Amino acid sequence: MSAVLLESRRSAAAAAVPNYRRRRMLNEAAALALGAVLIVWTLVPIYSMVMVSLESHNNVFSSNIWPAHPSAYSYWVVITEGYWYLENFWHQFGNSLYIGAMTVFFTLAIGSLASFSISRMRIRHGWLLTNAALLTYVIPASFLAIPFYRIMQAYGLSNNLWSVIAAEVTFATPYAIFIFQQYGRSIPIELDEAARIDGATPLQVYFRIYLPMMAPALVAVGTYALLLAWNEYLYQFLLLSNTRSMTVPVALAQFLNSDESPWNYMMATAVVYAIPPVVIYYMVRGRMTAGLTMGGVKG
Amino acid sequence: MASVSVIEAGRRVVGRPSRLRAWRGGLQGSEFTWAIAFCIPYVAVFLAFVVFPVAYGVWLGHEPRLYAELFSDPIYQQTVVNTLLYLAIGVNVKLFFALLLSGFFMRRGWWVKGLLMIFVLPWAVPALPTFISIHWMLNGQWGLINNVLWDLFHIDGPGWLDTSRWLALGCVIIAYIWKNMPFWTVILLAGRMAIPQELYEAAEVDGATGLRRFLHVSFPLLANLYVVCTLLSTIFTLGDFNTVYFVSGGGPALTTHVLATLGIRDAFEIAKPQLGVAAVMSALPLLIPLVLLLMRKLRTSEVQL
Numbered sequence: 695m696s697a698v699l700l701e702s703r704r705s706a707a708a709a710a711v712p713n714y715r716r717r718r719m720l721n722e723a724a725a726l727a728l729g730a731v732l733i734v735w736t737l738v739p740i741y742s743m744v745m746v747s748l749e750s751h752n753n754v755f756s757s758n759i760w761p762a763h764p765s766a767y768s769y770w771v772v773i774t775e776g777y778w779y780l781e782n783f784w785h786q787f788g789n790s791l792y793i794g795a796m797t798v799f800f801t802l803a804i805g806s807l808a809s810f811s812i813s814r815m816r817i818r819h820g821w822l823l824t825n826a827a828l829l830t831y832v833i834p835a836s837f838l839a840i841p842f843y844r845i846m847q848a849y850g851l852s853n854n855l856w857s858v859i860a861a862e863v864t865f866a867t868p869y870a871i872f873i874f875q876q877y878g879r880s881i882p883i884e885l886d887e888a889a890r891i892d893g894a895t896p897l898q899v900y901f902r903i904y905l906p907m908m909a910p911a912l913v914a915v916g917t918y919a920l921l922l923a924w925n926e927y928l929y930q931f932l933l934l935s936n937t938r939s940m941t942v943p944v945a946l947a948q949f950l951n952s953d954e955s956p957w958n959y960m961m962a963t964a965v966v967y968a969i970p971p972v973v974i975y976y977m978v979r980g981r982m983t984a985g986l987t988m989g990g991v992k993g
Numbered sequence: 013m014a015s016v017s018v019i020e021a022g023r024r025v026v027g028r029p030s031r032l033r034a035w036r037g038g039l040q041g042s043e044f045t046w047a048i049a050f051c052i053p054y055v056a057v058f059l060a061f062v063v064f065p066v067a068y069g070v071w072l073g074h075e076p077r078l079y080a081e082l083f084s085d086p087i088y089q090q091t092v093v094n095t096l097l098y099l100a101i102g103v104n105v106k107l108f109f110a111l112l113l114s115g116f117f118m119r120r121g122w123w124v125k126g127l128l129m130i131f132v133l134p135w136a137v138p139a140l141p142t143f144i145s146i147h148w149m150l151n152g153q154w155g156l157i158n159n160v161l162w163d164l165f166h167i168d169g170p171g172w173l174d175t176s177r178w179l180a181l182g183c184v185i186i187a188y189i190w191k192n193m194p195f196w197t198v199i200l201l202a203g204r205m206a207i208p209q210e211l212y213e214a215a216e217v218d219g220a221t222g223l224r225r226f227l228h229v230s231f232p233l234l235a236n237l238y239v240v241c242t243l244l245s246t247i248f249t250l251g252d253f254n255t256v257y258f259v260s261g262g263g264p265a266l267t268t269h270v271l272a273t274l275g276i277r278d279a280f281e282i283a284k285p286q287l288g289v290a291a292v293m294s295a296l297p298l299l300i301p302l303v304l305l306l307m308r309k310l311r312t313s314e315v316q317l
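Which chain is which? The protein sequence lines are A and B, in order. Quick note: the first sequence, position 16, residue 710 per the numbering used here, numbers continuous. Quick note: the second sequence, position 65, residue 77 per the numbering used here, numbers continuous.
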């Protein structure tokens, strides 16, 4: 419908019908109405989350549609780890950060080395690796969770952050290879040739030419990997079960097991957990083309 | 995600000078060793964490008796129906609205730009907090939805998630659309922006306006991208665990599970990992054709843009 609105708006200008001014205003009004609907649709679940986090425990179980006595007490509880589910909150936050950072590093390193070898050095049968990446990309991660869990158990890596890092790197690298190969096409191969003639080794070409030229793609893929690792739940839930090794999303979901359900604390935790990725998302979004950064997370 | 490739799929130029290489005449001596060494980390990850788990999974789920047990289970039968509905309705409704909204976001004006920033928020926020919030919103007694219904219309809303299977499944699908529509809107928006303005001007000269302009200019040029989006989105949605797990939790009475959540439940809640693997494997007859179709589409798609 909106598409049609758009088209008709443009055409109205060209056709110059007598009542074109009125039609344009109607059109603008319809667009504004649609915009209002979109805002409500988008913000309601987020509003609900913030509202509950600002309420006191008793007021959560009421029929309020806005907080009766808004207070930031729940956030204070989260920050000071003042509730028994939150005892290790900052430690868990650190775990999430650590997993995110390691995932970024290994995804970028493994992905860029492989793409350099495939598309710049043109290793024979490199297309096999590209296809392997594509194949991994279309395997739903949740389908692989059961065997992955059992293998990690067999390796004795349960409750070890590295088991999660391995999983996140596995699912982020195909996207990295994908993007690096696409982006790499815009870098002239003559640069590599010139360096070769001057006697640079492959390692030097990789560090001095390939990586600097790929900087925008590295930032995009790094952001993707960071958000993937921060937002992912299933593998972290299966592989990390004790409170010291847990990450924030696993700890957050733990609240659901509780009978007394402190929903206000839970939602405050949820907001604190959601803020870093949202900030990063908007920061990076502005600087690059939409396609590259809208990466997000594979379910 | 595959956004870049999806858009590139429309633009890729065949027959670029692909034999250009810095390492002319093939790699020699130590260079070859370097090239192999650069690939080793990825090959190791692929073998250890993709090939090995896949093979192990196939081995776990290879016994035919598992499938006999699975297919005779009424919960599984419901799950298959749910999965198909979830895919058919969720993916298509989401993409259809995304297509229309991408047209809306082509409008000029500052407030449309601002609106787009807000509109992508569901995608920017991690899945878990929002789904937990939606779960609470739909609570029959204390949830925001029923509170609003009561305040505005004095209607007692139903228990959205715990009374009927179809109501709960509907809520899950709406939550899914809410979460994923922004991403695909932006992809299709990028696709629309790639359409040269001259085409519209030419169409205008020929008198194509409004709906006809959309049908004869925009849509044919977006059709390929739209199909690729549908395939990709179906594959991702098939593996979607979080939405069902956190919004309905498979309830009421295990009637709203999809294959991804049922597999995890079988494996970890009732401790039958082989059955769980079998449940997931039973999605392969759907997954494999989709993947093959997608590969073909990505390879052969030379839309004239």
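If you're looking for bench data, these hints aren't it; they were derived computationally from the structure. Since this is a predicted model, take the numbers as computed values, not measurements. Beta carbons are placed, not taken as given, at the ideal position from N, Cα and C, and that holds for glycine. Treat each hint with caution, since some may be false.
What the hints assert, rightly or not - Ranges between beta-carbon positions, derived for each pair:
hint : chain 1 : residue 1 : chain 2 : residue 2 : range
1    : A       : R717      : B       : V124      : 37 to 45 angstroms
2    : B       : P170      : A       : L905      : 39 to 47 angstroms
3    : B       : L227      : A       : F755      : 49 to 57 angstroms
4    : A       : Q898      : B       : R77       : 52 to 60 angstroms
5    : B       : L97       : A       : Y976      : 45 to 53 angstroms
6    : B       : A80       : A       : N936      : 50 to 58 angstroms
7    : A       : N936      : B       : V70       : 28 to 36 angstroms
Claimed, not checked - Non-contacting residues of chain A with respect to chain B, defined by C-beta distances greater than 10 angstroms in every case (computed):
hint : residue
8    : P764
9    : P834
10   : F837
11   : S852
12   : Y900
Here is what the structure says about each hint:
no. : hint                                   : in the structure
1   : R717/A with V124/B: 37 to 45 angstroms : violated (19 angstroms)
2   : P170/B with L905/A: 39 to 47 angstroms : violated (57 angstroms)
3   : L227/B with F755/A: 49 to 57 angstroms : holds (52 angstroms)
4   : Q898/A with R77/B: 52 to 60 angstroms  : holds (59 angstroms)
5   : L97/B with Y976/A: 45 to 53 angstroms  : violated (34 angstroms)
6   : A80/B with N936/A: 50 to 58 angstroms  : violated (38 angstroms)
7   : N936/A with V70/B: 28 to 36 angstroms  : holds (31 angstroms)
8   : P764                                   : holds (15 angstroms)
9   : P834                                   : violated (2 angstroms)
10  : F837                                   : violated (5 angstroms)
11  : S852                                   : holds (13 angstroms)
12  : Y900                                   : violated (7 angstroms)
When the structure is compared with the earlier hints, violations turn up for hints 1, 2, 5, 6, 9, 10 and 12 and for no others.
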